[in-house]
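Undergrad: All chains, full assembly: derive it from the sequences and hints.
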Amino acid sequence: MPAVPSTPPTPHSDAPTTPPAVTAATAATAATTATTADQHTVIQVRGARENNLRDVSLDLPKRRLTVFTGVSGSGKSSLVFSTIAAESQRLINETYTAFVQSFMPSLGRPDVDALHNLSAAIVVDQERMGANSRSTVGTATDAYTMLRIIFSRLGTPHIGTSGAFSFNLAEGMCPECEGVGEVSTIDLDQLIDRDRSLNEGAITAPGFAVDSWYWQVLAQSGFYDPDKKLRDFTETEWDDLLYKQNTKIKVGSSNLSYEGLVTKVQRVYLSKDRESMQAHLRAFVDRAVVFTSCPACGGARLNAAALSSTINDVNIAQCSAMQISDLAAFVRGIEDASVAPILSALRELLESLVEIGLGYLSVDRPSGTLSGGEAQRVKMVRHLGSSLTDVTYVFDEPTIGLHPHDIRRMNDLLLRLRDKGNTVLVVEHKPEVIAIADHVVDLGPGAGSNGGQICYTGDVPGLRASDTLTGRHLGHRAQLRERVRQPRGQLAIRGADTHNLKNVDVDVPLGVLTVVTGVAGSGKSSLIHGYLSGREGVVVADQSPIRGSRRSNPATYTGLLSPIRTAFAKANGVKPALFSANSEGACPNCNGLGLVYTDLAMMAGVASICEECEGKRFTPKVLTYTLRDRNISEVLGMSVAEAYAFFPSGQSHTILGRLNDVGLSYLRLGQPLNTLSGGERQRLKLAIHMAEKSSTYVLDEPTTGLHLADVDQLLALLDRLVDDGNTVVVIEHHQAVMAHADWLIDLGPGGGHDGGRVIFEGTPMDLVKTADTLTAVHLREYVGV
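Okay, so the sequence shown: first residue is 451 according to the working numbering, each after it adds one.
Derived from the structure by calculation, the hints contain no laboratory data.
Cβ coordinates follow ideal geometry from the N, Cα and C atoms, glycine included.
Just so you know, not all the hints are guaranteed correct.
[Claimed, not checked] List time: in silico DSBU-like cross-link candidates among lysine-lysine, alpha-carbon distance up to 30 Å: (1) 678 - 698; (2) 678 - 700; (3) 870 - 829.
[As the list claims (entries may be wrong)] Computed Cβ-Cβ distance ranges for the label pairs, DEER-style: (4) 621 - 960: 51 to 57 Å; (5) 592 - 684: 15 to 21 Å; (6) 797 - 869: 53 to 59 Å; (7) 644 - 741: 19 to 25 Å; (8) 566 - 960: 55 to 61 Å.
TA: Given below as structure tokens:
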């Protein structure tokens, strides 16, 4: 080490002020500090193996907008939701006491080696909001709660506290409908045929066929002549047949209980949960039960006192029924210092709803009627005005249900959340959203077992230049049809006036691909689902949840398991029931689930792989039976594509072929249905309906969850359905589907009361060349005209 100078240098000297050794140490410390600082600017994922992820390790920049891309089933949700968001929420839950945790949902530890620098994660997903009839947009967002407080202070006459304006509390609800706003009646013509006698089968309700037990009790009751036409019944006989309460009668030597037909139907069918019924019974209930607006409150849900109190001559029910954009204007006109803070909060909330494209909704809209996309945007509102920063927001395809015009507003919201200092993670396929990303993570290269790897990480220009599937398709554009198919007839819709539809008359052409489009809230679903669905020969495949337990999977839902079980039974000379995990072949330890659920009292329960069957779900004996060297567990573990090759012919091959056709080749046969996305559920339903002899298919945003490369496959499938002689009607915003259509029906021009009209009918070429609608503007931009 050089000698230290004997005299200190002058302030202007170039000599070092400290020994070189000290300088080196300081530099090393500074470098370490800098490295640590860099580490804290990224979320570090190391060794993620959840679902199909293959030991994924990567760094995600914090306080930036990262978009995750890749084909359906490539592992995006496994990385973002099942790993990053799940671990963040689990760690937060662990900060609570064991007693509090016992009331919280159980969250298992994701299969990952390490996650560093996580921040609190807020997941804004597409799960539909509760279908409880008492839950509305107002109750879900607290807008109605704020309105109640304002009316309790400023409403005249003054009638009491905010509870006096609640349709969920006895003090405010209408006593007739108990705050539901509707009363139900039974359509008698769905139960009986008045022109027949009982012996001629006058009772048409399920379970009352001639000679059935229920029929015998009615026919042999002695209250009326079973050979008498119902239209000839006296008033007493009519009342006995339909409404008589439980009465003891004697038939021969037997003492029996007699109930009138309506009384019995209400008890046997209407008192049960609709979702637990068999399909034919649900259909009967839907036909027989008629819901009408409550005559006492006119559907307002509230009692007379609540409806008598007004602000500027408007009561709270009228406020709730207003379109939110109109309600925002009404609230802006209220000025009172005593409620200034809550008025300010309500104004901000309503304006936020308008800003993200939900101004066409009303506060009294039942939350269960919102689409997945609408529900996700309603949830977003809670976070718009939040003062929290350095939060990780996780979005699942936030553009679902959005017209290209509305996507730009959604992009502005995502950027605002980022600019407040938050980390924004978005799973998305739309190029418009990918374009605004600071960072992109592309997973693939394929789906299922062919996915789960990082294909690209970096900025958008780098993605465009990459040779990944996503990179190659970012600039891909579907072309307008040069020659459209000619219709062979039409389905007429006349006087459509549901919701915001304004007495719409429109003809849907037969034998072609028709796309119905328009901005959110323009009336597309009201028109098609309200006036086309339910007609003879019309099949609807939507994204609604599929009924079933955690035992349900694609093999059971599609009927594929039956021919598979038969094939195994025939090959081994045993009963087919052995090859069902819900029947004789089930592992007795886990009852065929493959998992054992352990209740840890106040601690979160734990699901562990069954030690007896090692997650294979079947008994060891059953697993010794094979079909072409594969046992039943191995077959259920196959992807659709693998199974399609494994079963080269027969019913199994046919069903698997349809699953392939709708883009579900990556699904495992035994994958639980509750793990499927809305788009996957829709395509699974479509695969089933393709086996039916239908003439008209109605699809609701079938591009949901589809990668850019998969959209071409969907278009080919739609073409095939049409070329096979069917009519296909698609509610869709994706410009590729619009461009590919034979016929377009555009609704608008806006949403809510600004929509509800057909503003264009014609070919995509005519729309691009002649129309000035918002759809025309964006389609012209898309096709480059």
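Undergrad: State for each hint whether it applies.
TA: Structure-based check of all given hints:
no., hint, in the structure
1, 678 - 698, "23 Å, holds"
2, 678 - 700, "21 Å, holds"
3, 870 - 829, "18 Å, holds"
4, 621 - 960: 51 to 57 Å, "55 Å, holds"
5, 592 - 684: 15 to 21 Å, "56 Å, violated"
6, 797 - 869: 53 to 59 Å, "23 Å, violated"
7, 644 - 741: 19 to 25 Å, "23 Å, holds"
8, 566 - 960: 55 to 61 Å, "59 Å, holds"
The earlier numbered hints that this structure contradicts are 5 and 6.
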